[in-house]
Amino acid sequence: MDRINFRTQIISGHLQPPPTTTDILHVIPCLSYTPPELTEPESGFNTKSLRKLLDGQSTDIIDYIFNLMIQSPLFSPKNRGGKVFIAPDYNHSMEHQREMTMRRIGYLRDLGLFNGWFEKPGPDGDLWRFAMAETVSVFDHSLGIKLGVHFFLWGGALRFMGTKRHHDKWFNPTETFEVKGCFAMTELGHGSNVRGIETITRYDASTGEFIINTPYESAQKYWIGGAANHATHTIVFSQLEINGVNEGVHAFIAQIRDEKGNVCPNVRIADCGHKIGLNGVDNGRIWFDNLRIPRENLLNSVADVSPDGKYLSAIKDPDQRFAAFLAPLTSGRVTIAASSMNTTKVGLATAIRYALSRRAFSIKPNEPEVLLLDYPSHQRRLLPLLSKTYALSFASNYLKMIYVKRTPESNKTVHVVSSALKAVLTWHCMRTLQECREACGGQGIKTENHVGHLKSEYDVQLTFEGDNNVLMQQISKALLAEFLAAKKRNKPIKGLGLEHLNKPAPVIPTLLTSSALRTAQFQTDIFCLRERDLLQRFVTEVAQHQALGESKEHIFTVTYQIAEDLGRAFADRLVLQTYLDVEATVPEGSLKNVLGLMRSMYTTIVLEEDASFLRYGYLSTDNAAVVRKEVLKLCSELRPHALSLVGSFGIPDAFLGPIAFNWVDANKWSEV
Amino acid sequence: MAPTNQVLITESSNVRIIILNRPKQLNALSSEMVYRLLEVFHAYEEDPNVKLIIMKGEGRAFCAGGDVAGVVNDIKKGSWKVGADFFSKEFTLNYLLATYSKPQVSLLRGIVMGGGAGVSIHGRFRVATDNTVFAMPETALGLFPDVGASCYLSRLPGFFGEYVGLTGARLDGAEMLACGLASHFVPLEKLSLLEDALCEANTDDTNIINNIIDKFSNNNPKLKENSQYFRLKTIDRCFSRRTVEDIISALEKEADKNMDDWISWTIKSLKTASPTSLKISLRSIREGRLEGVGQCLIHEYRLVCTVMQGKYSRDFFEGCRALLIDKDKNPKWNPSKLEFVSKDMVDHYFEPLDDKDWQDLKLPARSKSNLPSYAISKL
Chain A
1374 MDRINFRTQI
1384 ISGHLQPPPT
1394 TTDILHVIPC
1404 LSYTPPELTE
1414 PESGFNTKSL
1424 RKLLDGQSTD
1434 IIDYIFNLMI
1444 QSPLFSPKNR
1454 GGKVFIAPDY
1464 NHSMEHQREM
1474 TMRRIGYLRD
1484 LGLFNGWFEK
1494 PGPDGDLWRF
1504 AMAETVSVFD
1514 HSLGIKLGVH
1524 FFLWGGALRF
1534 MGTKRHHDKW
1544 FNPTETFEVK
1554 GCFAMTELGH
1564 GSNVRGIETI
1574 TRYDASTGEF
1584 IINTPYESAQ
1594 KYWIGGAANH
1604 ATHTIVFSQL
1614 EINGVNEGVH
1624 AFIAQIRDEK
1634 GNVCPNVRIA
1644 DCGHKIGLNG
1654 VDNGRIWFDN
1664 LRIPRENLLN
1674 SVADVSPDGK
1684 YLSAIKDPDQ
1694 RFAAFLAPLT
1704 SGRVTIAASS
1714 MNTTKVGLAT
1724 AIRYALSRRA
1734 FSIKPNEPEV
1744 LLLDYPSHQR
1754 RLLPLLSKTY
1764 ALSFASNYLK
1774 MIYVKRTPES
1784 NKTVHVVSSA
1794 LKAVLTWHCM
1804 RTLQECREAC
1814 GGQGIKTENH
1824 VGHLKSEYDV
1834 QLTFEGDNNV
1844 LMQQISKALL
1854 AEFLAAKKRN
1864 KPIKGLGLEH
1874 LNKPAPVIPT
1884 LLTSSALRTA
1894 QFQTDIFCLR
1904 ERDLLQRFVT
1914 EVAQHQALGE
1924 SKEHIFTVTY
1934 QIAEDLGRAF
1944 ADRLVLQTYL
1954 DVEATVPEGS
1964 LKNVLGLMRS
1974 MYTTIVLEED
1984 ASFLRYGYLS
1994 TDNAAVVRKE
2004 VLKLCSELRP
2014 HALSLVGSFG
2024 IPDAFLGPIA
2034 FNWVDANKWS
2044 EV
Chain B
138 MAPTNQVLIT
148 ESSNVRIIIL
158 NRPKQLNALS
168 SEMVYRLLEV
178 FHAYEEDPNV
188 KLIIMKGEGR
198 AFCAGGDVAG
208 VVNDIKKGSW
218 KVGADFFSKE
228 FTLNYLLATY
238 SKPQVSLLRG
248 IVMGGGAGVS
258 IHGRFRVATD
268 NTVFAMPETA
278 LGLFPDVGAS
288 CYLSRLPGFF
298 GEYVGLTGAR
308 LDGAEMLACG
318 LASHFVPLEK
328 LSLLEDALCE
338 ANTDDTNIIN
348 NIIDKFSNNN
358 PKLKENSQYF
368 RLKTIDRCFS
378 RRTVEDIISA
388 LEKEADKNMD
398 DWISWTIKSL
408 KTASPTSLKI
418 SLRSIREGRL
428 EGVGQCLIHE
438 YRLVCTVMQG
448 KYSRDFFEGC
458 RALLIDKDKN
468 PKWNPSKLEF
478 VSKDMVDHYF
488 EPLDDKDWQD
498 LKLPARSKSN
508 LPSYAISKL
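Line by line, the protein sequences give chains A and B.
Numbering-wise, the first sequence is residues 1374 to 2045 according to my numbering.
Numbering-wise, the second sequence is residues 138 to 516 according to my numbering.
Just so you know, the hints here were simulated from the structure itself, not pulled from any lab data.
Check before you lean on any hint, since a few could be wrong.
[To be verified] As a list, the in silico SDA-like pairs of lysine to any residue whose alpha-carbon atoms are at most 20 Å apart:
#1 A:1421 x B:424
#2 A:1421 x B:390
#3 B:390 x A:1481
#4 B:499 x A:1420
#5 B:505 x A:1410
#6 B:480 x A:1481
#7 B:480 x A:1424
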């Protein structure tokens, strides 16, 4: 049909009154939705195998939980354009959202989903617990956090900081939610600096009780998830003062509500109020006014107080004691990192599916408009983020594996890797959501389409369980310490993937080519070169300041620029290494090819985007130009795989928004 | 292929009435019929003179299923690949119907089981009536609910699909309408009037067709007093469990609290079905819930080929022997108990077959431009 005619018909169609159901005798031509499943080329690789690389042995339990959520009316199913979508009702009041979160947890509990939470042993048990928390978060971050606070923070503190007497008493009622736990660490005046908290606990030997106090307003517990409405018990982090000596931060169990939900005497609780997201979690503030708790409520895995009031600990150094105490809580960062990848997948699957069905502008008159993802600029916006998401997801799996197989010796590695990846992955998540939101245009603004709304739901992940910037600074400090320790021992450096420092510095070709850019060798070389050079520069800079007699603390506050660059370099190199390890497990064939393509995209985009390569001269300006061209080429080569790659994420349709599917029907008059 | 009289077609201007015509076998789908239906549906999609397709059965059944006895016979004579060929054609037909560009109205008189459901439930309009009996009875036969059942059963309310698929429970017309397997319920005496009215309307407009069927419909047929649909809460509580073992023990707990005929029948049907079938069926429905109809059929094709290959269990042949051939109704399942069917074994059924001549089901290309919404939503 001639184009002008066609448009005229459409416009006149819009001007006519809407047809009633009894009177449709002619079809009104309109832009129609063409499902990408029918127009996109076949994947060529096995999407289920790729999914397996992402979800591994947890695939079954993940899919089971998806099934449970999709089939329950508690998860607010809505039919849009002939498909069922589930999503929380964010338009409801904060109180309603909180109530729904609890009801959804009750539903999953009644089905026995949490049975054996504390018993499942070993790495398999850990992976099972992680899968649980991450999967419910795909539906709603609040649900994941509410569950995470109860099981990983409250339950994790009992498990790791407590001893048998705590396990015997608290595990069962925790599993059944008879006891609802929360975790009171952060205070109004202190967050990342846990050792600076001001809550104070003293021991009364005459009654065998601890007495907890909030001495100043800045010592009120703040942001305590679960405290505002539901929690009956909390872990309280507090300074412990014995005989006038401050023994440092310790953790105690305190009851804050009775079984009827009334706040206990000597406890005051207030709501943190409405938030930019996560309103399904009841964050609260707590004050303690001489609250007395039994001596046994001290979580005594590393230190105890005897009935007559003596402080006992096997670890004399308070620094080490504190580190040993907090080490197991790394699990929080592991789930945050993994959940952030799921959220990123939701954003990308939505934006890319939309870009494969939405058209804008014709290039030539009378031709159909062009599919968004056929614009090179649109590819450049989304496909690098897609490749990066695969790379970071593999890294997240690596983090999970080193966590579940942790030993006392590997604690440091777990700490450094979890700090780096928690920061890098959550930043990537927010950046991707923003890009996806914009890539969906106005549709990205609608809450039902998720991508825009998820930004406010997930923004908090950059802050909780360690502010990202603070975490990144810790990496450089840890790398410096490793380097200096090895030098002092006069031995090769080992661990954290730093072994490459023992070899001669790699040499980068003066003139890069497209094929050189795609070799694992070159990619590894340039990432290693950047890491070793930045570490060297950091060592030198710190030494210069030391020579001037400045304190360690001061030095780290002034060397932050290079420290930041180094933190990034460490993370990028680690991600590349884990990617290559995954790739090595895949047999030759189409899947390996597409993985190779995404790896090249990942490294090339890092080369293009991170200023440090030019700043410190790892890339010449000529080579940087070659890199930039390569990004374009990689985009066009990945383009045919886009649909299969987001399909392999394994996020069920019901968890995406209507614009990911038949957005024309989802918005038609009869659905109003 | 020479025209077969097992499928009859009558034409009324732009309406085509397809009649499954093998009444002695309750219209069970032979390969001849499957080939013919494929041919006809492909042709009608291209034919601008065809606007509406009505499907019904000759005699007292709509269609009692795929002709598995015939398939088993063929396999015995030749190789399991003869069976694979039958199922690949049947599933291709199921996919074609699920994504068909023209409306299909199925008039479900009498029995609608297995393959019979596969040629009707995927279509836009499914008209149940007073004597409709629906079931997916495959687990009792050593098979699993196929023909795309992992798609349509998994989309029923709550965990009713798991219940229907695992137990082989029979649903009447009212229950089919209640759970959504049927789109309409038209009293038996009005079915031919409906057929006439549809022919007279001679349209492909689904709104008009819908309105016509509505006119003859009883929108609220009474569920019988002891209908299993009233047990939806119990079904959800039990059939949402992760494993077949957990489902059975949840049912037994319910039975401890409140034993009645329905619970004891449900438990018994699970205990007499093939353990292997139960496990692959449950997983098939759960996977199907997260897949589109095409992916569902692809995974079901892997399952059915593995079943016929008989490498991990030969329950299908044993089930056909006991129920269809010797009719002693006493199949000896092997593995004989749920606990002997390991996760690894189940995993094998969902993987591509280890056979160089075998390949995954190839779905036919579908029209890119004129698929109706209800078909698009199934992709």
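(request) Take a quick look at whether residue 480 of chain B and residue 1481 of chain A sit within 20 Å of each other, Cα to Cα. (result) Given pair residue 480 of chain B, residue 1481 of chain A is violated - Cα atoms ~23 Å apart, limit 20 Å.
(request) For the pair we were handed, residue 480 of chain B and residue 1424 of chain A, check the Cα-Cα distance against 20 Å. (result) Measuring from Cα to Cα gives roughly 19 Å; hence the hint holds.
(request) Decide if the proposed pair is consistent with the structure: residue 499 of chain B and residue 1420 of chain A, CA atoms, cutoff 20 Å inclusive. (result) 15 Å, holds
(message) Would the hint linking residue 505 of chain B and residue 1410 of chain A be met if the CA-CA limit is 20 Å?
(response) 9 Å, holds
(request) Sort out whether residue 390 of chain B lies within 20 Å of residue 1421 of chain A, counting only the CA atoms. (result) Since the Cα atoms of residue 1421 of chain A and residue 390 of chain B sit roughly 37 Å apart, the hinted pair is violated (cutoff 20 Å).
(request) Assess, step by step, whether the Cα of residue 1421 of chain A is no farther than 20 Å from the Cα of residue 424 of chain B, and give holds or violated. (result) 12 Å, holds
(message) With the threshold set at 20 Å, check whether the alpha-carbon distance from residue 390 of chain B to residue 1481 of chain A stays at or below it.
(response) Status holds; Cα separation ~18 Å.
Consistency note: the structure conflicts with the earlier hints numbered 2 and 6.
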